[in-house]
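Now for the letters of each chain:
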Amino acid sequence: MKSDTIAAIATALSNAGIGIIRISGKDSIAIADQIFKTKSGRKVSDMESHTVHYGHIVDDGTVIDEVMLLVMKAPRSYTMEDSVEIDCHGGIIVTKKVLETVIRHGARPAEPGEFTKRAFLNGRIDLSQAEAVIDIIHAKNDLSLKNSMRQLRGNVLTKIKDIRSNILLDVAFIEAALDDPEHISLEGFNDKLSTNVSANLKSLNHLLASADNGRMIKEGIQTVILGKPNAGKSSLMNLLVGEDRAIVTDIAGTTRDTLEETIQLNGISLNVIDTAGIRETEDAVEKIGVEKAKKSASEADLIIYVVDASVPLDQNDYEIIEFIQDKKAIVLLNKSDLTSVIDDVTIKELTKKEVIRISAKENTGIEIMEKTITSMFFKGDIEFNDEIYITSIRHKAALAEAIKSLEQVNESILMGMPEDFYSIDLMNSYEVLGTIIGESVDEDLVNTIFKEFCMGK
Amino acid sequence: MSYVYESYDVAVVGAGHAGCEAALACARLGLNTVMFTVSMDNIALMPCNPNIGGTSKGHLVKEIDALGGEMGKNIDKTYIQSKMLNRSKGPAVHSLRAQADKQDYSREMRRIVENTDNLTIKQAEVTKILVEGDQVTGVEIYSGGIYPCKAVVLCTGVYLKARCIYGEVSHYTGPNGLPSANYLTQSLKDLGIEMYRFKTGTPARIDKRSIDFSKMEEQFGDEEVVPFSFTNTAEDIKKEQVSCWLTYTNEKTHEIIRENIHRSPLYSGAIEGTGPRYCPSIEDKVVKFADKNRHQVFIEPEGNYTNEMYISGMSSSLPEDVQYAMYRSVPGLENAKITRNAYAIEYDCINPMQLKPTLEFKKISGLFSGGQFNGSSGYEEAAAQGLIAGINAAMKLLDKEPVILDRSEAYIGVLIDDLVTKETHEPYRMMTSRAEYRLILRQDNADLRLTKIGHRVGLIPEDRYEKLLQKEQMIKEETERLEKTPLGGAKEVQEILESLGTTTLKTGITLAELIRRPELNYDMIAPLDKERKELPRDVIEQVDINIKYEGYIKRQMHQVEQFKKLEGKKIPDTIDYDDIPSLRIEARQKLKQIKPISVGQASRISGVSPADISVILVYLEQQRRK
Chain A
1323 MKSDTIAAIA
1333 TALSNAGIGI
1343 IRISGKDSIA
1353 IADQIFKTKS
1363 GRKVSDMESH
1373 TVHYGHIVDD
1383 GTVIDEVMLL
1393 VMKAPRSYTM
1403 EDSVEIDCHG
1413 GIIVTKKVLE
1423 TVIRHGARPA
1433 EPGEFTKRAF
1443 LNGRIDLSQA
1453 EAVIDIIHAK
1463 NDLSLKNSMR
1473 QLRGNVLTKI
1483 KDIRSNILLD
1493 VAFIEAALDD
1503 PEHISLEGFN
1513 DKLSTNVSAN
1523 LKSLNHLLAS
1533 ADNGRMIKEG
1543 IQTVILGKPN
1553 AGKSSLMNLL
1563 VGEDRAIVTD
1573 IAGTTRDTLE
1583 ETIQLNGISL
1593 NVIDTAGIRE
1603 TEDAVEKIGV
1613 EKAKKSASEA
1623 DLIIYVVDAS
1633 VPLDQNDYEI
1643 IEFIQDKKAI
1653 VLLNKSDLTS
1663 VIDDVTIKEL
1673 TKKEVIRISA
1683 KENTGIEIME
1693 KTITSMFFKG
1703 DIEFNDEIYI
1713 TSIRHKAALA
1723 EAIKSLEQVN
1733 ESILMGMPED
1743 FYSIDLMNSY
1753 EVLGTIIGES
1763 VDEDLVNTIF
1773 KEFCMGK
Chain B
515 MSYVYESYDV
525 AVVGAGHAGC
535 EAALACARLG
545 LNTVMFTVSM
555 DNIALMPCNP
565 NIGGTSKGHL
575 VKEIDALGGE
585 MGKNIDKTYI
595 QSKMLNRSKG
605 PAVHSLRAQA
615 DKQDYSREMR
625 RIVENTDNLT
635 IKQAEVTKIL
645 VEGDQVTGVE
655 IYSGGIYPCK
665 AVVLCTGVYL
675 KARCIYGEVS
685 HYTGPNGLPS
695 ANYLTQSLKD
705 LGIEMYRFKT
715 GTPARIDKRS
725 IDFSKMEEQF
735 GDEEVVPFSF
745 TNTAEDIKKE
755 QVSCWLTYTN
765 EKTHEIIREN
775 IHRSPLYSGA
785 IEGTGPRYCP
795 SIEDKVVKFA
805 DKNRHQVFIE
815 PEGNYTNEMY
825 ISGMSSSLPE
835 DVQYAMYRSV
845 PGLENAKITR
855 NAYAIEYDCI
865 NPMQLKPTLE
875 FKKISGLFSG
885 GQFNGSSGYE
895 EAAAQGLIAG
905 INAAMKLLDK
915 EPVILDRSEA
925 YIGVLIDDLV
935 TKETHEPYRM
945 MTSRAEYRLI
955 LRQDNADLRL
965 TKIGHRVGLI
975 PEDRYEKLLQ
985 KEQMIKEETE
995 RLEKTPLGGA
1005 KEVQEILESL
1015 GTTTLKTGIT
1025 LAELIRRPEL
1035 NYDMIAPLDK
1045 ERKELPRDVI
1055 EQVDINIKYE
1065 GYIKRQMHQV
1075 EQFKKLEGKK
1085 IPDTIDYDDI
1095 PSLRIEARQK
1105 LKQIKPISVG
1115 QASRISGVSP
1125 ADISVILVYL
1135 EQQRRK
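These protein sequence lines map, in sequence, to chains A and B.
Residues in the first sequence are numbered consecutively from 1323, following our numbering.
Residues in the second sequence are numbered consecutively from 515, following our numbering.
Certain hints may be false.
As the list claims (entries may be wrong) - If you anchor each label on the Cβ, the simulated ranges turn out as follows:
(1) Asp-1764(A) x Phe-803(B): 53 to 59 Å
(2) Asp-1093(B) x Gly-1760(A): 26 to 32 Å
(3) Asp-1764(A) x Arg-1138(B): 30 to 36 Å
(4) Arg-601(B) x Glu-1453(A): 39 to 45 Å
(5) Gly-544(B) x Gly-1760(A): 23 to 29 Å
(6) Glu-1027(B) x Ser-1532(A): 39 to 45 Å
(7) Asp-1090(B) x Ser-1532(A): 55 to 61 Å
(8) Ser-1516(A) x Asp-1093(B): 49 to 55 Å
(9) Phe-803(B) x Gly-1760(A): 31 to 37 Å
(10) Arg-1446(A) x Leu-912(B): 38 to 44 Å
(11) Glu-737(B) x Ser-1532(A): 54 to 60 Å
In case anyone wonders, no lab produced these hints; they're calculated from the structure.
Ideal Cβ positions, reconstructed from N, Cα and C, are used throughout, including at glycine.
Given these sequences and hints, build the entire structure.
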């Protein structure tokens, strides 16, 4: 159900320490009441406006974070609505979790610029700022729309489209029968519907689970591993991921496609992409891989350039060095277990980047690399778009709502409710799934009814 | 030679289902009204199917009645069979449909309009709409007679440049050979009105004596009849009913059609109009749904005093010889004698996005329109728009608030909002799936939803209004009583529950909670409800539904609340969308064209995004503060 209480992370995610979650709307205090526990057991609804309280965010008995909570009652808040701010201390991952908890308890993710919009509409912001408000809405909205689609991992789009068209077909059949009961009968349809709903539920639950471990949405810093063939990119990838995800052989050109994994580094998500080694090649398949690698690298937030220290730099290396000149990158001198023919100073002068000596094989130097990346991030050397987190949370909320609606359908079937009740919830899940892939409902239903079913007269 | 004839307040063009409602509404509200028709003998004609109501259309008729319209009363007088469709489904989709005696229906309506004060009926073809500046000033008829007036309601149905077609034959007439209206289209185009050309069709009529009913299944009416009008009780309108009959097409029928499809004007390109998808011709069905080996055919009487039977499900525009072969391939119709051929009809209508939700033209003050002229189809859709157009013409002249029903108040609201907001490329038919809040837009509560509006307008008399208030009160009290009355697990109670086939009580429960159990209802728990008072049937029905579906209804009410927020944000006429720099170009163009009256309506325009809506909201607030 579309709640009128909104929530979002109010702080930029690229700095360390405190993350602030802001909730605004008539249910914000009630929502905070459900998840915020103080030692004394005092309820948020009993707290005075403009007071700060220490306690824990608890969901389902699990403590998520130790926080400070600020209560602001209407109209004395930025939006002039009841508002709550939660200061989290546990870093980005935890901040995100707290936001998700707030949303699960009845808030909805704020639209881009929505706090400001509300502040203006409720008379909080001065007229002179109206133009700026409009600009924010537009700029952020464009960005978020672009991100929304771009962040979905390849097959997720297809999956959601499939599920949606399955749902629509069921609704269309029910509606066709309701509109033309003398030509189309719903007899025996319940069993079929319940099978369909259960199958769709299974797929959606699977998607939601994958959303939790980052397999649905590319969230985090886009990190691309580059290097010429056999420099040890895949070995590095496996080290980072902690499993044999990439195939490692000593035949140059083994990784012909790009592989993606999300890893957590001191609370920062890295979306790591292993690429095919970059080299001049005549092999058609490998050529595609090389092109893909270059494309990924050009869109990356961070490039990890892996250099094979045991062989001299060649034309392929120089091409990569040229490529990373104006990009955020670090250089890893790999194979430091072997005799090195490249020294740190030369490569540092060539690339003007931080250089770290590692051995992916012996697992040395990795910690230094991790520390370097973390500090680049916290110093703000690596920037990325916060909207990505918000989008992923929005997607998850939409998935959860779609699941809830479908469960409602199954419940209605069990309770023996008449068929017209099913379509309400089916349609709702169809609609919210559409928000993930950026499609609205429009005339879909009516069109499908006429296309699929032969209507009377 | 033009000459000035009598002056009126309102001129209604057309005396079909829309025209009659429009004219009656204006005249009953005290305005001097003239209604033009091409044929006095064909007022409220039913040229196609012989029934009123059906899924979602039945809802429209009940709403028309609650607002003070005539259609419900008229069909209650003239029905010959009545059925509540979808009775096994939820209450929201129960739909009333009655077979009409077509001639009776037309005659009764003629009696009503001819005997209504302030209403003059004139047989004449209106050829011109007279406008000065952007204000309508009158109409001119074929003879040159000018009728000055302050408002005009156009309800021309399918008569503008009508052409009836089957096979290679085509006549430039309206239905049943009635004269078409050939001049008005040009006058409207001259006024800058955008016209569409639509088509629809009707099946053959067959002589009852040539039909072998023994090969068909008999279809009876309901024993317990529900009236359309809230002013009638079941007892008031009880009568002997006639039957309809069911038969099927078969492979042979389909073969005949396929072999001759090249002779269909639809497929040869002789018809240019856009037809409706929901009542396809039999040739359309056979081509589009090639995997179906049979289609249902309902044989319905056209009335009590005629042998003509309507062949529902087999509308066509194939040539006469093919029609004979095709109908005669259907079991029971082997020797069929066709009294009237099936035909398709093409006609001019408008792009309804030129209208305000009041059904007045945006560009021409005082010019209103309703019915098929607005791109809809169906008697009920026509009557509903005619009523609203008539009411709003009257409200304008009486300087009162117009009636705009929103999508959460009535199917009529959905119908008109769709017509004026969404692009339509085929005749628009009402469907329950178009109503997003259908759980609260039921046919059984149309009176509770709309009688007050009808009363405010002046079409619902005081006594009817008082009765409604009493009904509301009784529903409220009884619902509250059931919510509050507890029931303990005494032995006697448990025994009754067991006999009702429901689980016995483990803890205390209220009577309402008991009603909520799927297997129980208000009537069934009577033995457990000692303090129950005798209540009218319609009150009990409301109480039962309110309690039984409370959870769902509450959820829908919550959605309506959200919906109402944006509906309530009105956009002033004077808004200049070019003054809002951040609107996307597509949105700007659509908004300028449609000129939505509220942010809610704007949000339903295709091509206007949620971000555009946010921008409009901020802009409106900015203007308000200036």
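Results for each hint:
Between Asp-1764(A) and Phe-803(B) the beta carbons are some 24 Å apart, a value that contradicts the proposed interval 53 to 59 Å. Hint check: Asp-1093(B) to Gly-1760(A), Cβ distance near 29 Å, so the stated range 26 to 32 Å holds. Range check, Asp-1764(A) to Arg-1138(B): about 31 Å between beta-carbon atoms, so the 30 to 36 Å window is met. A hinted range of 39 to 45 Å is violated for the C-beta pair Arg-601(B) and Glu-1453(A), which are about 58 Å apart.
At roughly 53 Å, the beta-carbon separation of Gly-544(B) and Gly-1760(A) lies outside the given 23 to 29 Å, and the hint is violated. The given range of 39 to 45 Å is respected by Glu-1027(B) and Ser-1532(A), whose C-beta atoms sit roughly 41 Å from each other. Under the hint 55 to 61 Å, the C-beta atoms of Asp-1090(B) and Ser-1532(A), about 48 Å apart, miss the expected range. Separation of Ser-1516(A) from Asp-1093(B) is about 54 Å and conforms to the stated range, judged on CB atoms against 49 to 55 Å.
Hint check: Phe-803(B) to Gly-1760(A), Cβ distance near 33 Å, so the stated range 31 to 37 Å holds. In this structure the supplied range 38 to 44 Å holds for Arg-1446(A) paired with Leu-912(B), their Cβ-Cβ distance being about 43 Å. As the Cβ distance of Glu-737(B) to Ser-1532(A) is approximately 57 Å, the hint placing it in 54 to 60 Å holds.
In the structure shown, a violation is registered for the earlier hints numbered 1, 4, 5, 7, in ascending order.
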